[in-house]
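Residue numbers (the numbering used here), protein chains in the order written: chain A, 3 to 293; chain B, 29 to 392; chain C, 750 to 1063.
Quick caveat, the hints were computed from the structure, so don't treat them as lab data. Think of the CB as a built atom: it goes at the ideal place given N, C-alpha and C, for glycine as much as any other residue. Possibly wrong hints are sitting among the right ones.
Taking lysine to aspartate or glutamate and the DMTMM-like style, the derived pairs with C-alpha atoms no more than 25 Å apart in a straight line are [unchecked claim]:
no.: 1; chain 1: B; residue 1: K251; chain 2: A; residue 2: E49
no.: 2; chain 1: A; residue 1: K201; chain 2: A; residue 2: D127
no.: 3; chain 1: A; residue 1: K201; chain 2: A; residue 2: D254
no.: 4; chain 1: A; residue 1: K201; chain 2: A; residue 2: E216
no.: 5; chain 1: A; residue 1: K201; chain 2: C; residue 2: D782
no.: 6; chain 1: B; residue 1: K251; chain 2: B; residue 2: D269
The following residues of chain A were derived to be distant from chain C, with all beta-carbon distances above 10 Å [as the list claims (entries may be wrong)]:
no.: 7; residue: D92
no.: 8; residue: T132
no.: 9; residue: A141
no.: 10; residue: A143
no.: 11; residue: E213
no.: 12; residue: A260
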Amino acid sequence: MSPRDRTGPRDRTGPRDRTGPRDRTDSGAGMGSAPATVLSVRDLHVEIGGSRILQGVTFDTAPGGVTALLGRNGVGKTTTVRAVLGLLPDGGRITGGAVTLDGADVTAEPTHRTVRRGIGYAPEDRGVFTRLTVAENLALAERPGGAHHYDLVHDLFPELLARRAQLAGTLSGGQQQMVAIARTLLNDNRLVIADEPTKGLAPRVVTEVAEVLERAAARVPLLLVEQNLAVVRRLATHAAVLDAGRVVHGGDAASLLADRELTTGLLGVGSRAPSGRASAPRGDDVLGGAH
Amino acid sequence: MTVTHLPAPDDTAAPPPPDSGRSGPRWRPYAVPVLVLVVLALLPYSALEIPVLFDGRLNSPGSLQLIALCLVFAGLALGYDLMFGRTGLLSFGHSLYIAGGAYGTQLAMTELGLGLLPAALLTLVLGTLAAVVLGAISLRTLALGGIGFAMVTLAFAQAGAIWIERNPGGLTGGEEGLPLHTAGVPEAFVGVANTVNVYWLALAYLTAVAAVVWSATARPVGKVWQALRDNEQRIAVLGRDPFRHKLGAFVLASALALLGGIVHLLVTAGATPHSSTPEFTLTLLVMVVLGGAGTRWGPVVGGVLFTYLDQRLASWGIGSEPMLILGTLFVLAVYVAPGGLTSIRLHRARRSAARADSRKQEHR
Amino acid sequence: MDTLVLLTLTGLGLGALYFLIASGLALIFGLMDVLNFAHGAFLTVSAYAAWQVLDSVGGMPGLLLALLVGTSTGLLLAVVVEFALIRRLYGRPRDQILVTVGLSLAIPALVQSAWSADARSFPVPDALDGTVTLAGAQVPVNRLVLIAGAVLVLVGVQLFLTRTRYGLIVRAGVEDRAMVTALGVDVTRAFTLVFALGGALAGLAGVLGGLYFGSVSPHQGTSLLIFAFVVVIIGGLHSMPGVALSALTVGLTQQYANYYLGGYGDLAVVVLLALVVLARPTGSGTSPVDRIRRRLESPRAAPVESVLPTGGTP
């Protein structure tokens, strides 16, 4: 991937027509033909603690660019991402459906194997190891047997180079998010998943994160869970909208975002107050949930 | 403290089984417990001989003593499950209240010259007050977040165990424990000839614990406990005070443990320092998990089974150490029956579960 | 003065023993959420294995051999337990803890039926049986051996944790195991590793404990384990020096209280724990005890809230 290490910041068209170098962790599956999609989720059902959180989620990530996974709080976006990675909490399990990565079924695969197929993951809470230094956080993300793009990371995040010996717990929220994103770009990945990367950040930092993600998307397809509609508008090329544990809308991001009814109704834009009963997944019998 | 907002359609004041809601006559929920109770109450009139399982007839003092001990532990396990399985509180200090009941009653008889009943009442009152204070401290640290209820209860219990073992002023008898102060106890509960009365006492204790635990968990407060176990934040959001409900469960369980300690003192005719150790609490945990935590019959079945095997294995000449077999059995049970022994039947035939379990129970 | 020196060194020796047990306990619990109740049983079995060796070989060569045999017994036992029992319950930490509870009941019983319930006297080599004069006090040599052993272990474990990739994985896993796997690391290998390390340290503690107490008994490990728990709770999971400091504090408190407060050393430790636990500022769910509680509660309890909608229920 090193030829692409140039720093073209607004390389928006790049990913779409790229038939670029395949990365080496992709062992075989669908080698010759240009892949239609990297990640494919089919009719995914997930239960957590007896509550049905996902009830048939189906979507594909676009072969390039940014696929945004949208929806109001609590509709199952994070659960979808976690199910893809096999990171469901205790008491959670996939009850139906399939997840394929480059054509390989990874539904029941241990997390580390799925990730080694070429996924970079920046979780909702950033998942930065606060008691490790910045350098150690990055070192931990190094996957054996591949190139490690420290040059790229330090180019994108010069601040991390300066703070490499600092404990990550002493960084600001924005800097921690940079560490989390840097970890996803260190290896050659087939897909980067970023779960609410701008959550809880100051507006100026949100812009910085969005810029970095934009540059990242020029190198690798991105699955983005995001509540900030401005960030979505700026980055997303494709979108899937979740509601009540299902994908209710999918396709081109621009046309979807132009649909005012859709953005207010399904994304909760404009009404950020706690969503009512209607948005709670069926079977979400919280108090009586355990018999 | 009304809890009418809780989404629990089966909130009724009567004590039906936790999984009520299935149709049937009103007496149905009571049928099995009453049947078990009647059989157990009439057991001393049976001269039945069951080879292997019991030495001698069922109504021989030895057999009755053994069954009485099983019943006491069933009650203790059921009381412990009120905290552990029903409310989600892991206490390592339950033994403090069991030993407190035994030693307190004994000392009130010997040192204050009280009779059994006043001594037991005094112990119960003082012990419950202590549970309120210690429970409030332990739980308050929990409510602050990040500090452990488990370890604070362990610390208090360990302090009690050390105090008993040190034999301060010759009060506790140290490692030897104390023989029951028979002078203060009504004659009906003393001596081999009166084992049957002790047996009925143990049965009464188990019945009382079952009545309290089962009816409490079927009431609204029980739903709050269950909700606390499953998701505390919900309860706080709904405006209930988690602290008060947890303290309620803690104090109630502790009072039942104190009572159990008193009965244990009479059944074993003495107070043993072992009853104060954290290992004692651990065996209660094992019983509860073995039978099925948070279920109706699980702790009872676990308590009876564990105690019976603990007492009988040695006499069967299998291994010299019952704990070796029990520990191994327990490890196996974790793999074979993760939800406890009672859950095995539940999976296959939910409806007849209660009946099946009670049948198991009767065979002990 | 000489009394104080003796008390201090004895307390440090005891603290060294606690450290050897608690360090493995902290690593296992920190990484795997398994509060290993069987850890004391590892120690006991190793102590008996060492006793067997010393009984037949004797002298300094016997002790060296016993150290080797004891340490590898602990290591092997831990690895077998991890492989045969714990690993099968991956993802069910509550059941993992319960299995170790079962083992903690069964193994001492096994030891008891094999070697009887009575304590066996541990044949300490003559070279370590005597005393040396330090600052006017007659200090038993074995105290110094224990302290030296613990210091070596502390340095070694610290180097492992800070200088190796596996150490990095372990430290990261203690903080957030799921995130380590999400970076493509197979943590189950690290599980076996910390179990092996913890078992080896418990085995070493078994041999050194035999030296310190001059005897072995079936429940030696179990009674030491309670204090090791206390050490872990006070010291936390995140740093070996923290565990070491906590172990020394507990050991010294116990010895001083035993001497100056008329034999109430154990009680003093409990009071110390209560004070620390009550006084510690809130840690919002990251303290060891809170993790234990969460793990043992209904498996549905903790995780659900993180995924459910945050508002809008009836």
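Right, here's what the structure says about each hint:
1. A hinted pair counts as satisfied when its Cα atoms are at most 25 Å apart, and K251 of chain B with E49 of chain A qualifies at roughly 23 Å.
2. For the suggested pair K201 of chain A and D127 of chain A, the alpha carbons sit about 9 Å apart, so the restraint of at most 25 Å is met.
3. A C-alpha spacing of about 24 Å is found between K201 of chain A and D254 of chain A, which places the hinted pair at or below 25 Å, so the restraint holds.
4. Restraint check for K201 of chain A and E216 of chain A: the C-alpha separation of about 17 Å stays at or below 25 Å, so the hint holds.
5. Distance restraint check for K201 of chain A and D782 of chain C: the Cα-Cα separation of roughly 29 Å exceeds the 25 Å cut-off, and the hinted pair is therefore not satisfied.
6. The suggested pairing of K251 of chain B with D269 of chain B holds, with an alpha-carbon distance near 13 Å, which does not exceed 25 Å.
7. For D92 of chain A, the shortest C-beta to C-beta distance to chain C comes to about 5 Å, within the 10 Å cut-off, and the non-interface label is violated.
8. Residue-level check failed: T132 of chain A sits 7 Å from the nearest beta carbon of chain C, not beyond 10 Å.
9. Here A141 of chain A does not stay apart from chain C, with its beta-carbon only about 6 Å from theirs, under the 10 Å limit.
10. Consistency note on A143 of chain A: stated as away from chain C, yet its beta-carbon is not over 10 Å from all of that chain's, at 5 Å minimum.
11. Look at E213 of chain A: its CB is around 24 Å from the nearest CB on chain C, clear of 10 Å, so calling it non-interface holds up.
12. Against chain C, the non-interface label of A260 of chain A holds: every CB pair exceeds 10 Å, the least being about 27 Å.
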